[in-house]
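Undergrad: Letter by letter, the chains look like this.
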Amino acid sequence: MKIAIASGKGGTGKTTVAVNLALALEDVQLFDCDVEEPNCNLFLGFELEPVEEVTCLFPEINPDKCTLCGDCADFCRYNALAALPKKILLFPSLCHGCGGCSFVCPAGAIEEKSRSIGIIEKASSDTPLTFFHGILNIGEAMATLVIRSLQRHIDESRPAIIDSPPGTACPVLAVLGCADYCVLVTESTPFGFHDFLLALEVARALKVPVGVVLNRDGLGDSRVEDFCRAEGIPILLRIPNDRMIARLYSEGIPFVKEMPEWKEKFEEMFETIKALACKSTGVQ
Amino acid sequence: MKICISACGKDPDSEVDPQFGRCNYFVIIDPEIGSVTSIINPGSEASGGAGIRAAEAVVGAEVDTLLTGSVGPNAFSILSEAGIETHSGIKGTVAFALREYQSGKLALLENSNASTHSGMNKS
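Residue numbers (my numbering), protein chains in the order written: chain W, 1 to 284; chain L, 1001 to 1123.
If you're looking for bench data, these hints aren't it; they were derived computationally from the structure.
Incorrect hints may appear among the rest.
Unchecked claim - Below are the DMTMM-like pairs computed for lysine to aspartate or glutamate, each with C-alpha atoms no more than 20 Å apart in a straight line:
| no. | chain 1 | residue 1 | chain 2 | residue 2 |
| --- | --- | --- | --- | --- |
| 1 | W | 86 | L | 1100 |
| 2 | W | 86 | L | 1032 |
| 3 | W | 86 | L | 1045 |
What the hints assert, rightly or not - Taking CB as the label site, the calculated pair distances span:
| no. | chain 1 | residue 1 | chain 2 | residue 2 | range |
| --- | --- | --- | --- | --- | --- |
| 4 | W | 218 | L | 1089 | 51 to 57 Å |
| 5 | W | 50 | L | 1102 | 57 to 63 Å |
| 6 | L | 1040 | W | 62 | 44 to 50 Å |
| 7 | W | 75 | L | 1040 | 44 to 50 Å |
| 8 | W | 92 | L | 1009 | 33 to 39 Å |
| 9 | L | 1110 | W | 114 | 44 to 50 Å |
| 10 | L | 1103 | W | 86 | 48 to 54 Å |
| 11 | W | 68 | L | 1035 | 43 to 49 Å |
Just so it is clear, the structure is predicted and the values come from calculations on it, not from any experiment.
Glycine included, each C-beta is placed from N, C-alpha and C at the ideal position.
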């Protein structure tokens, strides 16, 4: 079972929930799929080792064969190619590596080459938790390729907790698209609620069952709670706006380590998620 | 000599649009023969790479000079590759920008003067 920890708004507590949940459970895997800013290991402090390089294809144009017809640039919906009167120019950072340009080239002038856009790392084997994360190189746009590479390392026989990127764009779709359950972490503030609704829409479009973790509970108002009650969305856990939790966070310590009563709460949440995910898919 | 001006509308009375990649139209004027034409900027609706699409269109229109405001690095590399002189600092109407250029008030751009995606925030 794959549990994605997502949110519309950034900074609502995805990493906090993902790390503490993973540490509270036995024999789970944690995947940090926020490849533009993988933060889980700030709290875990694991020694990491490289697993693989992530590559993206890009076109290489043979000027001797190219007739400058411009079909490649016309085809490219990401505008990574520009057809000029004497030359085709490539902008590699915009290229999604789809290979369409080489497919449509009537002169067979395009060969696909690959270039590195990021890496996958994992925690060394003596750590108590199976942990992987991906890093997208600075300046690159194709986060989804790094996320897909990460997802190939998920051991399907064990529960996986996946820390999702924020927002509602392609990287989030790549994470939620493969999840069995989505935990949306939010806070009951106007911004939190607004972006929560956007993320909820994404999860619903992908038909992934959703539960909510209310972070910094007690702050703001009751708008998230009222909405969830009206829509029948379960509130899985409330993390209070607590000074001790905030202090541990600021010191980079997962609070489940110092506040043992939370281990049980996260375990209960996990049992609830298992039941809800099974109910939704009909799979035991 | 063909001069291209990034603009909100199609004719000399239109307001200029200083965002090169995301402007609606390019008004192309040849002062020597007095011709005025316009093309739609194919970059205005692009989800990404707007400046690239816009620059490709301007190069395709065989202009010699571009008058605009901000140009990103990708667009600038195409314009300079094609040998188009780019001047920045346009304001007012298309006709006014042309007069400013002709009286030497618009500075020649030596490098891009905006980051990628900077035209995304226009209202």
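Undergrad: With respect to the beta-carbon atoms only, verify the hint that residue 50 of chain W and residue 1102 of chain L lie 57 to 63 Å apart.
TA: Roughly 59 Å apart at Cβ, these two residues keep to the hinted range, so it holds.
Undergrad: If I claimed the Cβ atoms of residue 1040 of chain L and residue 62 of chain W lie 44 to 50 Å apart, would that claim hold in this structure?
TA: 33 Å, violated
Undergrad: Do the Cβ positions of residue 218 of chain W and residue 1089 of chain L conform to the proposed distance bound of 51 to 57 Å?
TA: 53 Å, holds
Undergrad: Are residue 86 of chain W and residue 1032 of chain L close enough, with their CA atoms no more than 20 Å apart?
TA: Violated: residue 86 of chain W and residue 1032 of chain L sit about 27 Å apart, past 20 Å.
Undergrad: Lying within 43 to 49 Å: is that true of the beta-carbon distance residue 68 of chain W to residue 1035 of chain L?
TA: For residue 68 of chain W and residue 1035 of chain L the Cβ distance comes to about 27 Å; the hint is violated.
Undergrad: Quick check: does the Cβ-Cβ distance between residue 1110 of chain L and residue 114 of chain W fall within 44 to 50 Å?
TA: 35 Å, violated
Undergrad: Starting from the hint 48 to 54 Å, judge whether the C-beta atoms of residue 1103 of chain L and residue 86 of chain W obey it.
TA: 33 Å, violated
Undergrad: Are the Cα positions of residue 86 of chain W and residue 1045 of chain L separated by 20 Å at most?
TA: Since the Cα atoms of residue 86 of chain W and residue 1045 of chain L sit roughly 26 Å apart, the hinted pair is violated (cutoff 20 Å).
Undergrad: Could you grab the alpha-carbon distance between residue 86 of chain W and residue 1100 of chain L and see if it respects the 20 Å cut-off?
TA: 32 Å, violated
Undergrad: So does residue 92 of chain W sit 33 to 39 Å from residue 1009 of chain L, Cβ to Cβ?
TA: Roughly 35 Å apart at Cβ, these two residues keep to the hinted range, so it holds.
Undergrad: For the hint 44 to 50 Å, verify it against the beta carbon of residue 75 of chain W and that of residue 1040 of chain L.
TA: 20 Å, violated
The structure shown violates the earlier hints numbered 1, 2, 3, 6, 7, 9, 10, 11.
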